[in-house]
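Student: Given next are the chains, with one letter for each unit.
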Amino acid sequence: MKLTVNNLSFGYAGGSILKNVDLNVGLGELVAIVGPNGSGKSTLLKCINRILKTKPNSILIDGQDTSKLTIKELSKLMGYVPQTSISAFPFTVFDVVMMGRKPYVHWSIGERDNDIVFQMMTLLGIDHLAMRQFSELSGGEQQKVIVARALAQQPQILLLDEPTSSLDIRHQLEILCILKGLTQSKGHAVIVSIHDLNLASRFCDKLFMLKRGCIYAMGTPEEVLTAQNIEAVYGIKADVSTSITGKPVVMPLVSDFNDFTSKVSFFFEEKELKA
Amino acid sequence: MTTTTTTTTTADLKTLYGKGKKRKLLVIFAIFLALIATILFSLSFGASSPRLGEALTVIFSKAFPFLNIGPASPLAVTIIWTIRLPRIVMALIAGAGLATAGATMQGILRNPLVSSYILGISSAAGFGAALAIVFGVSIATLAGYLVIGNAFVFCLIAMIIVYSIARIRGMSSESVILAGVAVGFLFSALLSLMQYIAPEKNAVSAIVFWLMGGLYTASWHNLLICFPIVAVAILLMMTQAWNINVLSMGEEVATSLGVNSKRVLSINMILETVATASIISFTGIIGFVDLIAPHISRMLIGNDHRYLIPCSALMGALMLLAADTVGRLIIMPTELPVGIVTSLLGVPFFIYLLIRKRRQHFS
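Chains as they are written, first to last, in my numbering: chain D, 2 to 276; chain Y, 24 to 386.
Just so you know, these hints were derived from the structure itself, not from any lab.
Honestly, I wouldn't trust all of these hints.
[Unchecked claim] In silico DSS-like links for lysine-lysine, alpha-carbon gap of 27 Å or less:
id	chain 1	residue 1	chain 2	residue 2
1	D	69	Y	285
2	D	264	D	248
3	Y	85	D	73
4	D	187	Y	285
5	D	54	Y	285
6	D	56	Y	37
7	Y	37	D	77
8	Y	42	D	77
[What the hints assert, rightly or not] Just so you have them, the derived chain Y footprint on chain D, three or more residues with Cβ under 8 Å:
id	region
9	39 to 45
10	48 to 59
11	102 to 112
12	223 to 236
For each residue, glycine too, the CB sits at the ideal point set by N, CA and C.
Chain D with its partners taken away, still in its complex shape (with noise of 0.2 Å):
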């Protein structure tokens, strides 16, 4: 299974947001896409998965146009786990794991959905929590129960929009070593938008940097996370070195942001001589 992006580009009546990307995805590769805020992360998530219409011909799956299946062909080949997840009603942990049988069930549940279903909940950790209302979990909790949602879809193609920014370190490390399990042992693609770097270079495969909408740097962490790339794309100086793991690990320096800090102390000292 291979996913690829064919120079797709996307706006809405204000502006384009995606402009030319082009990336592609192998099959059992974790990929991170990074990018400041407002790069177009998000957006290339729901490109892919469709929830954002593209012309034809820029999101295919190996070599086949995704825009000639239908949406819920597309969801047997690709789960989604948005950045937060709020459920109008309450429903139960179980409840919410079985919606990702959707795709193959019309009415009545079989036994297969519920074995699915029990074992995605098994294999994330969550079965206990399994009677339990999705809304009272925790953060780490509920993101567990969304990937279980989106892997008893039976995808190839995993797409996760941060499903780390909102955790502690400890659920931030479980979420992607899951990720890197089902890549390795299931051979799916996982595609993750993720903020903190050195996650992603602790974890991914591939990173892609987006700055404005367009793919400014690709390749392993080594070749993606340099000095002069992040300076080039957040706009900030940052000491690249070499973890114990072999992998880049990246330290913001704060020099450029002594500016910020005394500007603020400033506008309040001004304020107090006022009043």
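Please arrange chain Y on chain D, whose structure you already have, making use of the hints.
Tutor: Relative to chain D, chain Y alone:
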């Protein structure tokens, strides 16, 4: 996490889940039994004499003439067969239809305050009826159904306006709700205008009476039109259960699970308008059941719409029939309009459930 300390196995989970499912079915069955009991009670009591035994004789002799069950008095036949029974059937179908429409619209628009009148239907129906009452003008005069036809057509007009506005705004649930509220205000202003300029006092009180709603107009003749339409709409709305479940996680998630949210919304807008309009054109505006029956059901069996929609339908039928029966009996020989009784009885029960249930059932 604490996966190592938990002792639950997949088998345990399945029994646990099985128990939950059984409990839901039991609740639905209990409501069904209560409904049967209410039907029998309602058949047996009224301003005139026939009681349960006689009522059943009439029904069986009418339904199965070949059984030769024995003659019932002509008076009993008239009271049971042409007065009480059609009214009970009307209460059942109206309650079920309004509650189902309310439950699906709450689910699809992801808003617990939504009722089946969210698309401005009630004011539109009121205006349509008023137009026919005051001026004798109707755009759909179906064989003497002047008021009914006009009320129905104006419901459809309201829905089409709401749909067109929402369509421009991308069919988001917010746009449907806001357009519905706006259209509702428009028609209620027109309705007030109708009452203000009505040349006769009789016409004004006829409008007020119509707006209050009631089941006294029920007849087999009316049911012949109303029942099949509403029954089919209810069944079609039930088939939307999975779509509604998935939609409650948001439109984007629904798309990623293969559900076309805009199409689901459009289909359900049409279904719920047809169901609601078919009911209220005959009965006038019956409020409250469509909002509260789904919520009581949510509290009793949760939010899985595969169970919630049938449960709401039964609950709506039960509530409306119980209210109408009480309304008929409480100040005999006159009666209280059903809308007043549903609120007076339903609100305390709803508040009790709201306080007693610790868990939050809608956010």
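Student: Hints first: check each against the structure and report whether it holds.
Tutor: Verification of the hints:
1. D:69 <-> Y:285: 19 Å, holds
2. D:264 <-> D:248: Violated - the C-alpha atoms of residue 248 (chain D) and residue 264 (chain D) are around 37 Å apart, more than 27 Å.
3. Y:85 <-> D:73: With Cα atoms ~50 Å apart, residue 85 (chain Y) and residue 73 (chain D) exceed 27 Å; violated.
4. D:187 <-> Y:285: Since the Cα atoms of residue 187 (chain D) and residue 285 (chain Y) sit roughly 34 Å apart, the hinted pair is violated (cutoff 27 Å).
5. D:54 <-> Y:285: The hint holds at about 14 Å.
6. D:56 <-> Y:37: 45 Å, violated
7. Y:37 <-> D:77: 25 Å, holds
8. Y:42 <-> D:77: 30 Å, violated
9. 39 to 45: violated (count 0)
10. 48 to 59: holds (count 3)
11. 102 to 112: Our answer is that it holds, as 5 residues pass the Cβ test (under 8 Å) against chain Y, meeting three.
12. 223 to 236: Violated, because only 0 residues of the region 223 to 236 of chain D bring their Cβ atoms closer than 8 Å to Cβ atoms of chain Y.
Violated hints, listed in ascending order, are 2, 3, 4, 6, 8, 9 and 12; each of the other numbered hints is respected by the structure.
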